[in-house]
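J.: Let's have the full structure, built from the sequences with the hints guiding it.
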Amino acid sequence: MSETTYIILAVLLDGPLDGYRIVTRASERSGGDVQLAAGTLYDALDRMIRGGLIVVDRGEISQGRSRRLFRITDEGTEAVMREAVRMARAANIVLALRKTAPKKDAD
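For the sequence shown, position 90 (counting from the first letter as 1) is numbered 90 according to full-length UniProt numbering, and the numbering increases by one without interruption.
The hints are simulated quantities; they were obtained by calculation from the structure and are not laboratory data. One or more hints might be untrue.
[What the hints assert, rightly or not] Ranges of calculated distance between the beta carbons of each label pair, as one might list FRET restraints: (1) D14 - P102: 22 to 32 Å; (2) G32 - A84: 14 to 24 Å; (3) R86 - D14: 47 to 57 Å; (4) I93 - Y42: 28 to 38 Å.
Glycine included, C-beta positions come from ideal geometry on N, C-alpha and C.
T.: Shown next as structure tokens:
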């Protein structure tokens, strides 16, 4: 799973959002480390719709503009949770190895 897909799915766990709110929520949750560009976002959303990970929940009109709200599917929830577990296990391996690695002397 790509980082972009993971981040979008994680943000959508809270409920349906439009593209602008996905971008702002990802930035907020990451302390500004994640900045999704519009082209990247909408390409990823289209792929995830085709893959059954998200659906267009409904459209709404905001400030005279139509906005699509994206909702994570059960399949998307399962996929992001599997990825979270996989990443946590990988991180634990590195952290465990780091604890047991011999200390290097500072020169």
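J.: Now look at each hint and say whether the structure bears it out.
T.: Taking the hints in turn, this is what the structure says about them:
1. D14 - P102: 22 to 32 Å: Violated - the Cβ-Cβ distance for D14 and P102, about 44 Å, lies outside 22 to 32 Å.
2. G32 - A84: 14 to 24 Å: Roughly 21 Å apart at Cβ, these two residues keep to the hinted range, so it holds.
3. R86 - D14: 47 to 57 Å: With Cβ atoms ~22 Å apart, the hint is violated.
4. I93 - Y42: 28 to 38 Å: Between I93 and Y42, where Cβ atoms are some 35 Å apart, the hint holds.
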